[in-house]
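Kindly generate the complete structure, drawing on both the sequences and the hints.
Order-wise, the sequence lines are chains A and B. For reference, each letter of the first sequence is one residue, going 9 to 340 in this note's numbering. For reference, each letter of the second sequence is one residue, going 9 to 340 in this note's numbering.
A few of these clues could be false.
Repeated chains share a single entry, so a pair holds when one copy, or any two copies, can fit it.
[Stated by the list, open to error] Calculated pairs, DSBU-like style, for lysine-lysine (alpha carbon to alpha carbon, straight line, at most 30 Å):
#	residue 1	residue 2
1	LYS195	LYS313
2	LYS200	LYS225
3	LYS121	LYS225
4	LYS273	LYS121
5	LYS225	LYS154
6	LYS105	LYS225
7	LYS179	LYS11
8	LYS105	LYS273
9	LYS179	LYS14
10	LYS20	LYS225
Hints in this document: simulated from the structure, not taken from any laboratory. Here the structure is a predicted model, which is why all the values come from computation and not from measurement.
What follows is the residue order along each chain.
Protein chains: 2
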Amino acid sequence: MSKTVKIVRFHKTGPAEVLEFDELPLPEPGASEVRISVKALGLNRAEVMFRNGQYLETPVLPAKNGYEAAGVIDAVGEGVDSSWVGKTVSTVPGTFKLSNHGVYGEVAVVPLKAIAEYPASLSYEEGASIWMQYLTAYGALIWLAKISKGDFVIITAASSSVGIAAIEMAKVEGAISIAVTRTAAKKNQLLKLGADHVIVTDEEDLAARVNEITSGKGARVVFDPIGGPILESLAAATAYHGIVLEYGALAAEATPYPLFTALSKGLTVRAYTLFELTADAVFSKAKQYVCEHLASRAFRPLIDKTFPFAEIVAAHRYMESNAQVGKIVVTL
Amino acid sequence: MSKTVKIVRFHKTGPAEVLEFDELPLPEPGASEVRISVKALGLNRAEVMFRNGQYLETPVLPAKNGYEAAGVIDAVGEGVDSSWVGKTVSTVPGTFKLSNHGVYGEVAVVPLKAIAEYPASLSYEEGASIWMQYLTAYGALIWLAKISKGDFVIITAASSSVGIAAIEMAKVEGAISIAVTRTAAKKNQLLKLGADHVIVTDEEDLAARVNEITSGKGARVVFDPIGGPILESLAAATAYHGIVLEYGALAAEATPYPLFTALSKGLTVRAYTLFELTADAVFSKAKQYVCEHLASRAFRPLIDKTFPFAEIVAAHRYMESNAQVGKIVVTL
Chain A
9 MSKTVKIVRF HKTGPAEVLE FDELPLPEPG ASEVRISVKA LGLNRAEVMF
59 RNGQYLETPV LPAKNGYEAA GVIDAVGEGV DSSWVGKTVS TVPGTFKLSN
109 HGVYGEVAVV PLKAIAEYPA SLSYEEGASI WMQYLTAYGA LIWLAKISKG
159 DFVIITAASS SVGIAAIEMA KVEGAISIAV TRTAAKKNQL LKLGADHVIV
209 TDEEDLAARV NEITSGKGAR VVFDPIGGPI LESLAAATAY HGIVLEYGAL
259 AAEATPYPLF TALSKGLTVR AYTLFELTAD AVFSKAKQYV CEHLASRAFR
309 PLIDKTFPFA EIVAAHRYME SNAQVGKIVV TL
Chain B
9 MSKTVKIVRF HKTGPAEVLE FDELPLPEPG ASEVRISVKA LGLNRAEVMF
59 RNGQYLETPV LPAKNGYEAA GVIDAVGEGV DSSWVGKTVS TVPGTFKLSN
109 HGVYGEVAVV PLKAIAEYPA SLSYEEGASI WMQYLTAYGA LIWLAKISKG
159 DFVIITAASS SVGIAAIEMA KVEGAISIAV TRTAAKKNQL LKLGADHVIV
209 TDEEDLAARV NEITSGKGAR VVFDPIGGPI LESLAAATAY HGIVLEYGAL
259 AAEATPYPLF TALSKGLTVR AYTLFELTAD AVFSKAKQYV CEHLASRAFR
309 PLIDKTFPFA EIVAAHRYME SNAQVGKIVV TL
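Below, the structure is given as structure tokens:
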């Protein structure tokens, strides 16, 4: 009798409860693939959207899910050096399809190019909380927007793991972060995490406050995963020749393009996903940058809450509550 | 008794009829200004929008109007070399405010930096039909989008003077133009003017046709002065990592930002106006590029119709009819 393992899949799209623990034969890595014995999973908003059938990738049912796992390689496929076995690695989003390589499970089989080593000082939980947040921020802020000393950077959904990574990255680069959050609940924590300014949109006018903070110039860079009506306020808060990086679609509403504001400022609105970075030559440089700043502790993956593997449905529900500050992690 | 001259101004915003011939004392050029005896005026859509109170610049009433005049300098102000007197020049949009320096009149007083000489082979009518169209296209296609050999370039409002200039510029740079026009009426003329492809949006699906023309790749560059709902079709017709240059706001409707399409393609939407180019160091290079291609006849300003000065109201009405292909010129 061959061994079986638990793999999380969904057989239809929908709420968190569609995630099921399927008992499947232990999968063998194919050519250029590795198998990871999973120790921790970092959850991402993209995976909630994928589960709902609202993501850039359309699920092929039954679909796996999950971009970020940390663990130990326990088998390699054809063409992969066997010295990888026993190494601690984590998986890099944007390098594989969720439907067939999603990492929610006791083991995960992914392409060799999807794995990366990380500093040994980090726990598995931290190891599963690196790549989505720091590479997404790197691609937008450093690769595309080329932030530098003195730049004002507006960061919406600031208490998300990517938001916090952007706050840390702005600090490292000498830029000034303006964190945007809906309610006052997370304001103090964002300041403690290093945000230079925090704007609470339920209580303050975004554009007016940015105007104050930047002495009327506006912010050169905006980093936004929300879209929808907030784009108008963000454009109003952007400097002449500024750039708005849209990297998600969390808003339920349509996104109006502020044409007149954009014309008067020569504004760039650049939609961006991590897939672009991982497909580009800059990818290895980006990974090195992240590892260096993890090693120096300039970047500290913040874990909000951990759930045991058996409670992954509750972990998804918790993500949808928007109560977290930082990463939600599932442990095995 | 001092001499008076006719200057066109509007004392309230509204339809073409608000343009009035005000009999004013002959204006003297101030410091760093020149006075032009106007021979021809090139009309622009911006001036219709300004007259309607719908332009980026808000009119200060009573407001002058008009960006492009060709004529002969007949007086210079303090600090301007008197050798300019007698020279044939035309005025460059984006270098002055319409309210106080608008050039509709028997004479126009503009800053020295607003004038440029042009090849002597051109008539006054052609001289008044250069800068808005070729510099606008240069800034978008060459400065920002860096078009080169083999690039597909979608050009909407293709029969406008800027659209035709873009068709000519794409050809000079070895790019492939896809001209977009609403009805079949102007299709043959656009092909004769050098458009490599013409899409008639009343009869054809824009994205499907671009898909065909580009073998499924989409166009790398889109050059659009319309905005509004067409942005969704244009985004659908754009290549991965393509750029949409929005340089106007002709649509009456709001402009939806196609967030999902943009994310899936890493799309850039860049709003752009000529003001950016004229304020940049590239301005003199751009003027030189235009003059060289005018001299070689690679660029041939196309004049649709001329009106006498007394009929400038009719000329504005004609522009609003959208019947023209190329420039509408008023002669004095």
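Between copies, within a copy, both or neither: which fits LYS121 and LYS225 at Cα up to 30 Å? So LYS121 and LYS225 pass the 30 Å test across copies only (26 Å; inside, 43 Å).
My question is about LYS225 and LYS154: at a cut-off of 30 Å on alpha-carbon distance, are they close within one copy, between copies, both, or neither? Cα proximity of LYS225 and LYS154: in one copy and across copies (18 Å, 28 Å).
Since the copies are identical, ignore which copy is meant and state whether LYS195 and LYS313 lie within 30 Å (CA to CA) inside a copy, between copies, both or neither. within (19 Å within a copy, 62 Å between copies)
Should LYS105 paired with LYS273 be assigned to within, between, both, or neither, using CA atoms and 30 Å as the limit? between (38 Å within a copy, 17 Å between copies)
Is it within, between, both, or neither for LYS20 and LYS225, if the alpha carbons may be no more than 30 Å apart? neither (49 Å within a copy, 32 Å between copies)
As a check of your reading, is LYS179 near LYS14 (CA-CA no more than 30 Å) within one copy, between copies, both or neither? neither (41 Å within a copy, 60 Å between copies)
Is it within, between, both or neither when you check LYS179 against LYS11 at 30 Å Cα-Cα? neither (48 Å within a copy, 65 Å between copies)
Quick one: LYS273 to LYS121, C-alpha cut-off 30 Å, is that within a copy, between copies, both, or neither? between (41 Å within a copy, 22 Å between copies)
I want to check one pair: LYS105 and LYS225. Are their C-alpha atoms no more than 30 Å apart within a copy, between two copies, both, or neither? between (41 Å within a copy, 22 Å between copies)
Intra- versus inter-subunit Cα pairing at 30 Å for LYS200 with LYS225: Within one copy only: 26 Å inside a chain, 47 Å across chains, cut-off 30 Å.
Checked against the numbered hints listed earlier, the structure breaks hints 7, 9, 10; every other hint is satisfied.
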